[in-house]
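Chains as they are written, first to last, in this note's numbering: chain A, 924 to 1420; chain B, 13 to 500; chain C, 437 to 554.
DSS-like cross-link-like pairs, simulated, lysine-lysine; straight-line CA separation at most 27 Å:
| hint | chain 1 | residue 1 | chain 2 | residue 2 |
| --- | --- | --- | --- | --- |
| 1 | C | K552 | C | K467 |
| 2 | C | K488 | A | K1129 |
| 3 | C | K535 | C | K552 |
| 4 | C | K535 | C | K467 |
| 5 | C | K552 | A | K1359 |
Here are some chain A residues the structure puts well away from chain C; computed CB gaps all over 12 Å:
| hint | residue |
| --- | --- |
| 6 | L947 |
| 7 | S966 |
| 8 | S1254 |
No lab work stands behind these hints, which were simulated from the structure alone. From the three backbone atoms N, C-alpha and C, an ideal C-beta is built for every residue, glycine too.
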Amino acid sequence: MTLLGIDNHLPALQVVIPLMGAPLCFLLRRPVLAWGFSVAISSATLIIAFLLLQTTLQTGPLSYALGGWAAPWGIEYRVDTLNGYILLLVTAISTLSLLYARTSFEHEINSAQLPLLYAGWLLCLTGFLGMTITGDAFNVFVFLEISSLSSYLLISLGPDRRSLTAAFRYLVIGTIGATFILIAIGLFYSMTGTLNMADLAILLSKNTESRTFHAAIGFLLIGLAIKAAIFPLHLWLPNAYTWAPSAVSVFLAATATKVAIYLLLRFLFTVIGAEHSFNLFTLNQALLPLGVLAVLIGSVVAIYQDNIKKLLAYSSVAQIGYMVLGITLVSLSGLTATLLHLFNHALMKGALFMAVGAIFYRTGSLRIADLTGLGRTMPLTMAAFLISGLSLIGLPLTVGFVSKWYLVVGAVEANQMWLAIIILLGSLLAIIYFWKVIEIAYFHHKSSEAPVVNEAPLSLLIPTWILVGANIYFGIDTRLTAGVAEKAALLLLGGTP
Amino acid sequence: MIPELESGNIALLSMLTPLAATPLMLLLHRYPNWRETVSLGAGLVLLLLVIQLHSAGTTPLETTTLAAPVTGISIALAVEPLGLLFATLISILWLATTVYAIGYMRHHDESHQTRFYIWFAIAISSAIGIAFSANMFTLFVFYELLTFSTFPLVTHSGSREARLAGRTYLGWLVGTSVGFLLFAMVWTWILAGTLDFRPGGVLAGHITPSQGGILLGLYVIGVGKAALIPFHRWLPAAMVAPTPVSALLHAVAVVKAGVFTILKVVIFIFGFDLVNSAWSQELLLYAVATTIIIGSLIALRQDNLKRRLAYSTISQLSYIVLGALLVNSASLTGSAMHMVTHAFGKITLFFCAGAILVTTHKTKVSELSGLGRQMPLTMAAFFIASISIIGLPPAAGTWSKWYLAMGTVESGQWLLLGILMVSSLLNIAYLLPIPLNAFLGSSGNNKSHFQEAPAPILLAITFTAAGCLFLFFWPDTLYQLASSIHLP
Amino acid sequence: MSNLGLYNYWIVITLMMIGFYTVMASHNLVKTLIGLNIFQTSVFMLYISFGKIANGTAPILSESHTLYANPLPHVLILTAIVVGVATTALGLALVVRIKDAFGAVDEETITLEEEKEE
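The shape of chain A in the complex, shown without the other chains (with noise of 0.2 Å):
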């Protein structure tokens, strides 16, 4: 690597890979080969967070600017350990999730518009990586648009006419939260003038008392929390990942709102400052009411849901309740709670999301009640299904289980009794919800005259196994993410007195 000098410039790499590749993969035409070369472009990208979160870890935050511009009056990108390990997660999860995609949108998609689909994914994963890794705060904002116009795209390829309405009604919400966003770095800048992050975050300190940062911070997160589907601004996520296609549903669920809260960290820890966001101006006291509401109301509205995708999507919505009680917590275990749950979190929905893909291409149904006896005639699928279940629930020894328990120590360590109790009563309601879908499938039998089902193809069976094995093995050897998380969450808190 180090003959072409290349590994001093895998930051940029990181995002002008995907950037370069999408139109490239437009003009494929196969199917067969833009299937292909998007794989392996986003396992060049899988590569490359790989090493840079090795080198993070090794050597500290890496500094990189942009056509050799350098900070603050360039854009600079910056890779410390917590958005390493964002990029390891998002790419992790995008080269899985294309590798499953290709059967699965034979069957949803039009063949002529597959090249675009691949295409569109690339820029999607272009935006993701670049807001991720950049370190200026403008340059969010434009990867930021990057990816969700390219998810609105995305989405609107479903298969049901729905996703049309779906896409566009988040298109709708999306450009107001972007272009609160927007306002919000137009009124840092106005007050600084400037648009570096850790330039941000010095001159931004020393006028906390201004009109225009009360002002800008508002703006900011509801940008930030309608991105991330924070409850109550949820409402364009479970029509978006329901009528979604199979594969899209898989990559959005896993990565979307995940990028979203990490810039929501990265805002208020590290732009705005964690003293000056929860000491001064107490969001977390504003945040916590909203992550419990997600949490309890997400859950609810989840048991009686009768699409299955639907009621995934409203599992989603409590799942980032849990992130965001993390956030709150502003404590060591609370917010390596919510990193691992980030990650976590992925593997789950990821999986759920794979296997009831599995489910839509053999049976053509997203119905809870069509699931009848598929526990007998799809066992793999189903099992895929249980175990990530399971893991959702938070069984001992599966990824859930972990993040919910340094979430539940946060609450204990912060004397927070009733918060500890509410995250539990959350897992309760996640088992009725979930055992529903459950009993129906492995209890209920079809009648004789429906058509036989069989097992889902292996190319759809073997990601959605190695997620379920992630499930599994992440429960047990936790030194990776806990371990990562942790590092990530002390860097965020570093400026805490």
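Using the hints, position chains B and C against chain A.
Frame of chain A; chains B and C shown alone:
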């Protein structure tokens, strides 16, 4: 055998043995005879390993760490007398139950037998894991695994009734363990900084008496498997399962895992002084005493034989919890012994109930009159086991009830002693009429002739009933283990 | 400075509210997009007025000027305008597809159609 193995490693092997048998069972699902041979073989290996542990002696602080899912907390195994007692009990009775199940499942023509044996083996593996847990976290992990691995056994028939019972089962067990036990565990960890089981407890000095009272309550309620009223509903519900499951899991492994957890918490997390100074001790003792009486009273009113036995189990489990909460050497010895003696007695009773079902298709107590002439062996075993549960010589229950009574005296709890006595009378009232009626009552119009249960069933019943008598005449090994559980 | 002296901000706020109201209140998807455009444009105005200083000129060094306006917000907003155009284009494309699929661009009709499929 294998001389160089450490006790922790043997514990690990014994936990893995039933698990290792499951792929073989799956492969052999078309050859029932071989499948059952594997099951018996695994049982035999497990028993040998546990016997090896007895001879190896126990060094409580030697642990075998398997993984560390959360910083500072590991999944680890260790061997100490109480765990060894529990593991021995399970391994002996698993073998007996497998023999019994072969007769029962085939004769009763149950479906999905491979699935049945596989989940059974996994459940046993989890129970052994509980027995050898080196810390509360490991115990909790296996505790949850036991809940989920027994769920397919409870709902084995797949009927609507089984599904609803499965909901009750899972709801109560997971609800209490996640809502209270997990919470108590997290709290303990934050207060004490460790979840290891250490003689004398880990909480001393880290906790105020008022916190201690709440925490003790959370633990006792959180262990739903101990079936304290009003958290007992899952146990009668679980009776829809095939009889071998009710016998081994819902009279021995699962419920004993519950009381075992409470004993572990009291001895190794709290320590004696802390329990004695907890304000909730008295309150919990009376809750337990109430369970003893109410459980017996409900049992008295049940006509369904298995449900009557289930309520009897609820009542008897509280004896063990009572001994644990009294925390003196006599009461703890009594508790540990009662775990074993009640297990032998109750499993025999369930075996008999299953034998009656298989042979005569009768499930109600009121239908059993005169059955003694048709099934003399079964009903004789029922009689012996009843005597043991009641606590009369010459059956093993005598000893455990004796030590429990001594325990109440040592603590000066005369009221509790009275409750134990009253409950014994109630035991007589709901158990003894069954065999007496069977032998002395009239069988109605039908001319009954000798027709016993299939041979494997009879073999298992004879073995466990003989166990009830054996432990009365030769209780030394049991007593030595039971009286050393709380010694460092 | 009087409140009127900040008239550019008043214009921004008015435009923003008009846009926001149109997005919320309009049942016609095209009108929703128009509202969204007005909403975004107000932010462009906000950025541009940040950069402007009374009597400031373009930042070209010359003897006769000492007060310069900041050109960076203009550059930033060029990007945002491009994004806005892309959003509008994608939104309109979606409206065309929705019209094909549901036979309407009216929110209420579409919702009725959707409910039929539940």
